[in-house]
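**Student:** Fit chain B to the supplied structure of chain A, relying on the hints for placement.
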Amino acid sequence: MEFYKLSALEIAEGVKNGKWTASEVLSAHLERIKKYDGNINSVVTLSEESAQREAEEIDRMSADGRAQRPLAGVPFLVKDNFCTEGIRTTCCSKMLSDWIPDYDATAVRRMKAAGAVLMGKTNMDEFAMGSTTESSIFGPTLNPRDFDRVPGGSSGGSAAAVAAGFCPIALGSDTGGSVRQPSAFCGVQGMKPSYGQISRYGIVAYASSLDQVGPITRNIGDMAAAMEVLAGPDSNDTTCDAYERPSFSEASLAGIEGKKIAVLTGYDTDSMDRPLIEAIEKSADYCRSAGAEIIEAQLPITMKHAVACYYMVALGDASSKLACYDGMRYGHHAEGRNLAEMYKKSRNQGFGKEVRKRILIGTCILTRGYYENYYVPATKVRQMIADEYAELFKKVDALICPISPALPYKKGLVEEDPVRIYLGDAFSSIANLAGLPSISLNVGFTEKGLPANVQLMGPRFGDAGLLALARSIENKAGCPSIAEIEKKGECRI
Amino acid sequence: MKREPVIGLEIHLQLKTKTKLFCGCSSDYIGAIPNTNVCPVCLAVPGTLPILNDHAVELAVKTGLGLHCSICDNTRFHRKHYFYADLPKAYQITQYEHPIAVKGYVDIFAGGKEKRVRVHHLHLEEDAGKLVHPTSDGRLTGASYSLVDYNRGGMPLSEIVSEPDMNSAEEAIAYITQIRQLARYLDVSDGEMESGSLRVDVNVSLTRPDGSLGTRVEIKNINSLTSIERALEYEIARQNKVLDEGGHLAQETRLWDDVAGVTRSMRSKEGDRDYRYYVEMDLAPISAGPEYVRKIRESLPEMPWDKRERFISEYSLSPEESLHLTEQRETADYFEACVSEGAPPAKCANWMRMEVQRMLHDYGIGINNFPVPSAELGKLIIKVEKRELSNTQAKDVLAVMAEKKTSLEDAVRICGVSGGKITGTALEEAVMKIFDSEPEAVKTIREGNDKKGAKVKFLQGLVMRETRGSADPAEVASLVNSMLH
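Residue numbers (the working numbering), protein chains in the order written: chain A, 1 to 493; chain B, 1001 to 1485.
Hints in this document: simulated from the structure, not taken from any laboratory.
Mixed in with the good hints, there may be bad ones.
[As the list claims (entries may be wrong)] In silico DSSO-like links for lysine-lysine, alpha-carbon gap of 30 Å or less:
hint, chain 1, residue 1, chain 2, residue 2
1, B, K1130, A, K345
2, B, K1115, B, K1002
3, A, K410, A, K487
4, B, K1115, B, K1405
5, B, K1080, A, K380
6, B, K1404, A, K345
7, A, K344, B, K1383
8, A, K344, B, K1220
9, A, K411, A, K35
10, B, K1080, A, K353
A quick note: this is a predicted structure, and the numbers were derived from the prediction, not measured.
The following block holds chain B by itself, in its conformation from the complex:
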C-alpha cells in the first residue's frame, strides 16, 4: 500500500498591535537600531511584571472567529521554561492548557477540489529576541560569539495549530494562503513570510501500511511558500526512501537548508524536551465573555469566502474572476468602488484583471499604492462604454493617469484623444451610432435620393456633435461617406 503524506502546520502570525504583548514598547522593530525598543519589563529586570495588551487579545479573538473557532472565556497564560540568550525571563509567556480559541476550520481549494482543514486551536504568546551569529558563512553554530537584539522580544504572536488534515504540499500551500488572506482581511497581521510576520513550522509523517500515522518529523526554518513546497517534497521523498530501505525514522526536528535544498536533523525529540509548563501567576486570567466576543464578531468585516460568493451572485462574475478580485480585500474594495461609479461590473472586473494587474506587476506595487483612484477608473470605463474612447485609447489614458498621477480629464487631454482626435474605431462606433439613430436619412442617401448632399452633411453634423467636436471633420466626412457606401 502506498504511504500517504500527512501534514500538520503551526502558523505563527505576528499581530498588528502598536505595542508589545506585555509592555508599552513599540512593536515597530523592523529596521530599528538593535535593543532600542526595550524596557525593564521585556528585558526581565527584577521586580517588573507583565501587563497584558488588550488589543492583542482582541486581534487573537478576531482571528479565532475568522477560523470558525470557539472562543474560550477565562483562559490563562502559562510559562514555558528554557534557558537561552533570546529569552530574558528564561521562560516564554504562552498559552498552554487554556488557549483562547479552539476547534475551528478552514476550507481550502487544492487539487481541483474543496477540502476542510480543521484548526486544533489558536493561542497567544510572546516572541523571543533575535540572535545574530556573526560567522562569515552564516552558519548557526561555530561562531566565537553571538549578539542578541531584544527588539522582537515580547512581540505578540498568535499561533494557529492545524490538525494533520493535509496530504500534499499543494494543500499545505492552499491552507497557508487561506490563513494569510484571512489575516490580511481582518487586518490582524501583515502575514508576510519574507519579513517574518508569518512563520510556518511543518509537521510531516507518512501513513503506515495499516493506515495509522507514522513517525512525525518537524521542519523549521522555512521562509517562503516556495521553500515550503520544496521542503515538503524533499522530506516526503526522504522519509519514503528511508522506509523503502528498511530504515527507521526518528521523531525529530529538522532544519530546512534553502541553499542545499535539504532538511537536516537539528535535535532529536526522542527525549522530548520538558519545558516545565506552569501557570503564569503574574497575569490574571483573561476574560473573553460572550458580550465581548459578540461585539468583536459584529465588528468583523466580510470574510473572503463570503465575498467570493457574493461577487459571483451580485455581479454575475465567473468563479475565477471572483477569486481574483477577492484575493485581497483592497482589490475587492477597489473593484466595488469602480462599480459604484456606474461602470458595468463585468467590464470593471476585466479591466482590473488585465490592465490594472499588468500595471501593478510592472510597477511592482500593490493595489493600495496604485496611483489611479478607483472613481477615476470607473469613469474611464464609462467613457469606453459611451464610446467616447476606444479601448486602445482608454488604455493609453489609464497609463498616463498612472504614470503622471493626473486626473482623467488631464490624461485625456495629454493623450490628445480630445480636440479632434477621436479617431479610428471610436469614431466608427460614433458614426454607427448616428446611423442607427437616423435610419431614414441613411436610407434616403443609400437609395441615391440625397442629390444635394444635405442629408450627408446632416449626418456628419450629428457625428461631430456626438463626438463633441473631438473628431477631425475631414475624417468624419470621409468615414461617413465610406460607411454609407
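With the rest of the complex left out, here is chain A:
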C-alpha cells in the first residue's frame, strides 16, 4: 500500500473503519521523508517519537470506536514558525535556533484534536521574510518539481513537502503570499483564508494585520476538510472573528452554476510568464463550462499601489513585532558591556541579513517624519484597495487573477535581483491587505513539468464560496500529481 499517495480524507476514512492504522500510515510517511527529503530539504525537525505516540493513541481510540474524528491518523507538517509544545520552533533563524515553546499554536491544537498526527516542522525563509526559502539557517529548500529552482516562500518547506508526498496536509502562514506563492511554485493547492478566519495564536508574528494561517494540500477536498478543522473563534486571539462558520466541506460541493466570476485585466501581461496567462484563460473556460458567467474587471488602484503599500504595512509591523527579540528571556543572547550593547549584539548576530534589512526599513517607516509620509499614506491606500475590492464583489462572486507573475525562479535570483522578487508579491499581497480569502490553485503543468497555478479571490468571509469555485475548476483540471522526487534517487537524511 502506497500510503503517501492517499488524500487526507482517504487516510482518515481508512483509519476510522479499521482498514489500516494511523501508525502504519505514519511510518510510511516518515520513511518517505527520511528517504527523500535529503533531495529537497523541506523538513527541519522530525518529531518521530511524539508522532508515534499520537498515532498509537489514535489507533487505541479507533480500536474501541472512538476515533470518529475528521482527520483521524492524517500525518501533517507545520511551518517552523508555528509554536509546538516540546518541539523546537526556530523560525529558521539563529535567533530562535534552540527555542522550545511550552504550548501549541491554536491551529496545531485544533489539527491534533481532529485526530491529525504532527510529524514535524518545515523549512521557511527566516522569520517568514522571503519568497524563495533560501534564507533559512538550515539551508535552502529545493523545488521538488525541478531541483534547480526554488520552491517559493516563505512557506516553501510546507509546499514542497506536500508536493513531494511527505504529507497530505501542511500548514503555512501567509503574510503577503507565503502560503500561496510556494503552492504555485510547487504545484499544489494553498489557501489564505479571510483575515480573522483562523486563530493566529501561537504563530510567531511577522505582521499582525496581515498574517493568516493557511493549509496546503493536493486537492480541494482535503483543503475544505482542513479549513473546517482550523477555522473557528479563539479566546486567545480577539482578531479572530466570532461568527459561526459554515461546513466548508459541504459548501465546497455547491458548484458555481449561475455565479458571476471576474477575470482581472489591465495589468502588464507581457512581463508575465506565458503559461500563467494560459492557465487563467483555461480556468475561465472551466468556469464557463461549469455554468458560470465570466466578465472582465480592472482594479487600477490595487494594481498600481499594492506592492508598495504592502511593504510599508508589513515592514512597519515587522519592526515592531520583532522588537521583542532582545536576547534576554529567550533566543540568541550575546554579552555586552551594558544593556544597549547586549541588545545590539544579540540582534545583530541573531537575525540574518534579510530580516535585519526589513527591520531597519520598518523602523525607518515608523520614525517621525517618515511615518507621516510613508506609513500613514500606506494605510489610506490600503483602505482604498479594500474599498476597490468591496465594490468589485458587489458585482461578482469571485475574481481570477495571477498568483505569481513568474514560474518558479532559478536558485539564487534573490541575490541577483531582489527587487524582482519583491515585485513578485504584486498579486499575492492584495488578499492580505484587503483581508480577503484567496486560493492558489494548480490547473496543470508546462511541458517542462513546471506547475501553473492561478489565484482565486472572494469577498471577506466568502471562504466557503471560494472553495466551491476551486473545486469546480479542479474537477475539470484534475488534482496535481505527486512530484517525482524519487528520480534523483534516495538521499537519506
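**Tutor:** Quick look at chain B alone, frame taken from chain A:
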C-alpha cells in the same frame, strides 16, 4: 512682571482589577515572589497575543465619567516602542491618538477659593516591570547588574492628563487629593502613593513676561504628597533663579531626590524621543457605545462633591463638617448608618469628628477597620440623648467597645455605669428631668408644705425609676435634697 508657575499633572492610577490588562495573571503583586505572576502573554513569548481585560475598560470609563469626560466609542490602542529591560515586548500597549475619555474637569478648593482644573484626557495603558538595581547606596546607575521583576508588567493603569491649569503647589495637591478621593469613591483604585497605585508626574513652567508659557520641565520620581509640594517649591525657585541670573531653561525631565530635596536632570528632551507610536493591530478597537456608557453611568455611586452638598442640606451640617465626613466614602456611609439608627445628625457628626477620629488616629487604622459597628455608635449617642449616660460615660463606653470589641450592652456593664452607677451630671440631668415633669410636687416641697417628706420620697422614687435602678439611692436622696434647696 512676576513670573507665575504653571503646573500640569499626569496621574497614573493603578486599576483595581483581579487580573492584568492583557492576560489572566493575578494583579495581586505586592509582596508576591518576583516573577511568579507572569505568563507567556505578559512575558512576550513569541506567538502570544494580548486579550483586553473588559473590567479595566469599565473602570476607566467609570473614572472618565467621574471626571466629567466624554467617553469615546471605538477607541484603539497604540504601541509605544522603546528597548528596555522592564518591557518584554519592547513596546508598551497604550492609548495614543484615541484615548477612551476626553475633555473633563475637576473642581478643586485651594487658597480659599474654588477652581476648575480641566482634564485633557484619560487613557488606558499597561504598566512596565520593575527593575531592581542592587547597589548599596540605592542609586539608579552604576550597579554591575540589574534584576527585573515582571509581576507588575502588564498591570492596568489609567493615566489622567490635566491641562496646565494649576498655579501653585497647593492647587496641585488639591487636584491630586480630589482625584484620589474620586478613585476611592468609585472603587477603581486604591490610590495610594506609598504603594505606587497612584503615581504623579509633574510638569511645571514659569510664564514669560508676555504671559506666554515658558519652558516646561517634567519631574518624575515623586512618591508622596509632601514630596510633591517640596519638589514643586524647589523647582519653581530653581527656575526663577536660573531666569533671574539670565540663564536659559532646558526642556527636560528631572528626577526628584527626596533625601537631598533637589531635582536633578535625567534626560534632555531637546531631541524629544521618538516612540514610533503605531496602531496595535493585535487588538480589535474598543467599543464603548452609548448603551454601555449609560449602564456604567447608572451604576455610579454618589460623587463626593454631590454627597458634600447633600450632607449640608439634608443634615444641616456645616461645610467643614460635611467636608470631613465625605472625605472618604466609608466615613460618610458610617455616618449615615449612625443617623439611620435615629441619632441626631449633628451629634453623630460631632462624635465622628472628635471621638471616632481620635481613636482611629490612636489605633492607626481606617474607618473600615474601626471595631465599633455604626449601629452601636448610633445607639450610644441615643443613650446620651436620653441622658441615660453622660457624655463622659459614653466616651468611656465607646473606648471599651473599641478596645474589647464588645457590644454596647456589655460595654455599659463593664464600665459599671449601669447597676447603681448612674452618677454625677447624668444623675443631675435625670433629677432635673423629673423636677420638670412634677412642678407641683417641687413647688409644694420648696414652699415647705411637705412636712412628712412624702413628696421628696415620691420624687426620689421617680428618679430611681427614670434611671432604671442604675443610680445609688443614697446619692439620689442627697442630690434631690440639695437640688430642691
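**Student:** Please go over all the hints and tell whether each is borne out by the structure.
**Tutor:** The hints, checked one at a time:
no., hint, in the structure
1, K1130/B with K345/A, "holds (24 Å)"
2, K1115/B with K1002/B, "holds (21 Å)"
3, K410/A with K487/A, "holds (19 Å)"
4, K1115/B with K1405/B, "violated (44 Å)"
5, K1080/B with K380/A, "holds (21 Å)"
6, K1404/B with K345/A, "violated (66 Å)"
7, K344/A with K1383/B, "violated (76 Å)"
8, K344/A with K1220/B, "holds (28 Å)"
9, K411/A with K35/A, "holds (23 Å)"
10, K1080/B with K353/A, "holds (26 Å)"
Violated hints, listed in ascending order, are 4, 6, 7; each of the other numbered hints is respected by the structure.
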